Each structure stands twice: as C-alpha cells, then as structure tokens.
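Read top to bottom, the protein sequences are chains A and B. Plus 20 on top of the position in the first sequence (first one is 1) and you've got my numbering. Plus 94 on top of the position in the second sequence (first one is 1) and you've got my numbering.
Bear in mind the hints are in silico, worked out from the structure with no lab data behind them. Please read all numbers here as calculations on a predicted model, not as lab measurements. Do not rely on the hints blindly, as some may be mistaken.
As the list claims (entries may be wrong) - No farther apart than 27 Å at their CA atoms in a straight line, the calculated lysine-lysine pairs in the DSS-like style are these:
1. LYS35/A with LYS98/A
2. LYS64/A with LYS31/A
3. LYS64/A with LYS91/A
4. LYS98/A with LYS117/A
5. LYS103/A with LYS31/A
6. LYS31/A with LYS132/B
7. LYS97/B with LYS117/A
8. LYS64/A with LYS110/B
9. LYS35/A with LYS64/A
10. LYS97/B with LYS164/B
11. LYS117/A with LYS132/B
12. LYS117/A with LYS103/A
13. LYS35/A with LYS117/A
14. LYS132/B with LYS110/B
15. LYS64/A with LYS82/A
16. LYS82/A with LYS98/A
17. LYS164/B with LYS64/A
18. LYS91/A with LYS35/A
19. LYS97/B with LYS82/A
20. LYS132/B with LYS64/A
21. LYS31/A with LYS117/A
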Amino acid sequence: EAGVAQSPRYKIIEKRQSVAFWCNPISGHATLYWYQQILGQGPKLLIQFQNNGVVDDSQLPKDRFSAERLKGVDSTLKIQPAKLEDSAVYLCASSLKSLAGDYEQYFGPGTRLTVT
Amino acid sequence: AQKVTQAQTEISVVEKEDVTLDCVYETRDTTYYLFWYKQPPSGELVFLIRRNSFDEQNEISGRYSWNFQKSTSSFNFTITASQVVDSAVYFCALSEAPRRYGGATNKLIFGTGTLLAVQP
Numbered sequence: 021e022a023g024v025a026q027s028p029r030y031k032i033i034e035k036r037q038s039v040a041f042w043c044n045p046i047s048g049h050a051t052l053y054w055y056q057q058i059l060g061q062g063p064k065l066l067i068q069f070q071n072n073g074v075v076d077d078s079q080l081p082k083d084r085f086s087a088e089r090l091k092g093v094d095s096t097l098k099i100q101p102a103k104l105e106d107s108a109v110y111l112c113a114s115s116l117k118s119l120a121g122d123y124e125q126y127f128g129p130g131t132r133l134t135v136t
Numbered sequence: 095a096q097k098v099t100q101a102q103t104e105i106s107v108v109e110k111e112d113v114t115l116d117c118v119y120e121t122r123d124t125t126y127y128l129f130w131y132k133q134p135p136s137g138e139l140v141f142l143i144r145r146n147s148f149d150e151q152n153e154i155s156g157r158y159s160w161n162f163q164k165s166t167s168s169f170n171f172t173i174t175a176s177q178v179v180d181s182a183v184y185f186c187a188l189s190e191a192p193r194r195y196g197g198a199t200n201k202l203i204f205g206t207g208t209l210l211a212v213q214p
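Generate coordinates for the entire structure from the input sequences, incorporating the hints supplied.
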C-alpha cells in the first residue's frame, strides 16, 4: 500500500514570497491533516479536512495560510506571503475514519521549508 | 486544555541497554487516546502504538513495551536491549475521541519529543 506522498521535499524561498505544498493521502483515507513542525518541537495541527470539508482550522494563520482539498483527495497548502518564522517542516497525514473508530494517522515525509 | 509533557529532552544509552521514555498528559476528557510515534533522521513520523483511555493493560511488541497508568496520567515507553537503529526522536501524543458526525476533531497534541541516541 502506498503511503502519504508529499512534494516538494525541500523548498527555500525569500520572505514575502509565496509557496505551495502538495499532499496525496493514502487511498481511501477520508481525513487529511496538515501539521507544522518547527525545529525542536512536536508537530502542531494547522488544518484538518474530512473529505473536502474543513473540520478544524483554528490554528491556521488565515491571513497568510490557505489550504484546500479538491474532490476530497489531494490537498494543497499555500503560504502567501511567507515570513521567517514559517521556516519549518510541513507534514501531511491521513487517516481512515470509520464507524469502528480506526484513526491512526499516517504521515508523509514532509516538506522542509526555509524562509530567508 | 490538553497537554503532553515529555520531560526528557535527550537520552543517550549504549547498545543493549534498556531505556524508558516518559510521557505525562493532561486532559479533561474521559475518553481519549494516547499514541507514540518515532521520527528517524529521515523525518517521517512512524506510528508505533495507540491506546484508548479505557484500556490500561500494558502492551509488549517485541523489544517495545508500554506502561499506561491513568492514576498518574502517564504513558511510558520502554525499549529493551536497545539497538543503534532505535536512534530517533520519539513523540508521545494525545487526542480526544472522535465523534461520529461533526463535533470534535481528533487532532493529535504532541509532546516536544525525546531524542534517543543509542551508541554502539
């Protein structure tokens, strides 16, 4: 079974530029998450989708971050304009939500963003 | 508010030693789930275990074992006979129980992680 795919793996941009990350979840997984992991910290949820609807975006800086999940499969996360403090690894995860409550989250390899 | 504390920032052991990684959590929910993830240098988070709040049985999987104690709000992880390949950052995480329709997210609240270095 293929895992969660993310691209690009690395990105370096200057502050005030824009950037976009792509995620393809595990096939059949209805729930998709974007986490931000700053160096030395644990991941922090930015946004959670259930199919193509947003479940939780309470920690998403909406003035600069946006995310969408068209057709309930792939998702993109965008930052515009980027700030130095956005330097982090952006992790995408997916889980299979079923009535049985099977919801381990499986993570992709992440995109390491450096803002200079 | 939910919170996970991993007080050990870094642990260094010599191969074949046993090592325990501590995790203490806070939640007001009566139903919740605890997780351990491993993050090797490659960066990908690898799921290790999920435990629900109603199941306090300890679990053993090969060299790994987990001790869940609700009385002390702890969910500790022990690696027996450590190996160099165990070197990684280990995260403990907490989530509230998902509800079937609408309602709560089942986002993971992570601790700050423990860097385990196993020396040959």
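How the hints compare with the structure:
no., hint, in the structure
1, LYS35/A with LYS98/A, "holds (14 Å)"
2, LYS64/A with LYS31/A, "holds (20 Å)"
3, LYS64/A with LYS91/A, "holds (25 Å)"
4, LYS98/A with LYS117/A, "holds (25 Å)"
5, LYS103/A with LYS31/A, "holds (14 Å)"
6, LYS31/A with LYS132/B, "holds (24 Å)"
7, LYS97/B with LYS117/A, "holds (24 Å)"
8, LYS64/A with LYS110/B, "violated (33 Å)"
9, LYS35/A with LYS64/A, "holds (22 Å)"
10, LYS97/B with LYS164/B, "holds (15 Å)"
11, LYS117/A with LYS132/B, "holds (22 Å)"
12, LYS117/A with LYS103/A, "violated (34 Å)"
13, LYS35/A with LYS117/A, "violated (37 Å)"
14, LYS132/B with LYS110/B, "holds (19 Å)"
15, LYS64/A with LYS82/A, "holds (15 Å)"
16, LYS82/A with LYS98/A, "holds (10 Å)"
17, LYS164/B with LYS64/A, "holds (25 Å)"
18, LYS91/A with LYS35/A, "violated (31 Å)"
19, LYS97/B with LYS82/A, "holds (24 Å)"
20, LYS132/B with LYS64/A, "holds (16 Å)"
21, LYS31/A with LYS117/A, "violated (31 Å)"
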